[in-house]
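Colleague: Following the hints, position chain E against chain U.
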Amino acid sequence: MSTPTIDEANPHSAALDAAESGKVELITVTLRIRRFNPEEHPDAVWVDYQLTVDPKERVLDAINRVKWEQDGTLTYRRSCAHGVCGSDAMRINGKNRLACKTLIKDVNPEKPITIEAIKGMTVLKDLVVDMDPFFQAYRDVMPFLITKGNAPTRERIQSEEDVQRFEDTTKCILCAACTSSCPVFWNDGQYFGPAAIVNAHRFIFDSRDEGAEQRLEILNDREGVWRCRTTFNCTDACPRGIEVTKAIQEVKRALITRRY
Amino acid sequence: MATDSIGNVELTDTTPADPTAFLIEPPRKRTKTTAGRRSRTNFEMLAWLFMRLSGIVLVFLVLGHLIIQLVLDGGVTKISFAFVAGRWASPFWQGWDLLMLWLAMLHGANGMRTVINDYAERANTRFWLKVLLVVATVFTVLLGTLVIFTFDPNIS
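Residue numbers (the UniProt record's numbering), protein chains in the order written: chain U, 1 to 260; chain E, 1 to 156.
Isolated chain U, as found in the complex (with noise of 0.2 angstroms):
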């Protein structure tokens, strides 16, 4: 990737006057968010909210300035706010995303902008969803390393092509938004799930790891890598642009290719 560098023939182009003038084109947006307070009513209500927004702004800044300036009632998670967390996957448009990693001017701000709970978890308040059930098929792959024998006196040596075996993977955030993207999931919360078979994946193919075998017999289970369905939706969905799909199909591979 190069550095963008400005053209010398046409050294003002549009785009950089208007970011030299500092002037900002400000636009009114409609958020429509999906409310549930179980104790007020047994229903979700969409409620829209109007502001006037930056739409270079992401859609959490928007959240943010709904919950700040008109109903301090509305309750999501997010923490780091820069996309490394993981807290504040939601349902933006309909499909899943950071709040966090997403600009407004990218979700067609003409429109009202639909903001929901990501699906197939219990709404606990608005946007906010019970992640037990995810974290449990986590921690059910057994997402740590795993070896036999003494530990070496220095590090755990690994070659560059070992890396990156598995380097995909290992950039999962546990942002829940390639599971809940997944129509297999939402119909059966038994499914692994693509979140804990891609950590799965990250100690599978990993060269220091002996804890391979133990883990694909976890995910040869009824509930597991079989599974799936191969709809693409978890791929489409991770905010680290994880080849999820890819890393599900490699661990159905190595379970058949142990075998025969």
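Keep in mind the hints are simulated off the structure, nothing from the lab.
Glycine is no exception: its CB is placed at the ideal position from the N, C-alpha and C atoms.
Be aware that one or more of the hints could be misleading.
[Claimed, not checked] Straight-line Cα separation of at most 16 angstroms, EDC-like style, residue types lysine to aspartate or glutamate; simulated pairs:
id, chain 1, residue 1, chain 2, residue 2
1, U, LYS125, E, GLU25
2, E, LYS32, U, ASP130
3, E, LYS32, U, ASP132
4, U, LYS105, U, GLU57
5, E, LYS29, U, ASP132
6, E, LYS29, U, GLU57
7, U, LYS119, E, ASP97
[Said to hold, decoys possible] Sample of chain U residues at the chain E side, in silico, Cβ under 8 angstroms:
id, residue
8, GLY83
9, VAL84
10, PRO133
11, ALA137
12, GLY189
13, GLN190
14, TRP226
15, THR230
Modeller: Chain E only, in chain U's frame:
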């Protein structure tokens, strides 16, 4: 300024004592004991492999069947009792039809099994749908096999 799209929700006396009373739990939620009920067989893997392999074989069997029955030698008009009787006199066509019957029925039944697993939420519904599926599959496969082997061209 918040505007309510479907009318304001009013706080009334109907507020339940238990705040979790209204929570909608997703079907078949994973719990701590889920992983403990592990199947020790390779059934799901073999079923998955069977779907791929039988699918490949079925492409040739079914397309071949359709071309022979509907396109070659005057197409569909040629099919009569005598035509079927003539074909099933040969062990080759008996084998072809038997293989097609078994592969297609098992392939389809396994597909229906995954659909039931994906969409039926209650344990009872799942069980009875699968019982119905197995009964229908076994009946069709056995009946078809019986006909292929006991077919009598001189039936009057």
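Colleague: Looking back at the numbered hints, which does the structure fail to meet, lowest number first?
Modeller: Hints 6, 7, 8, 9, 15 not satisfied by this model.
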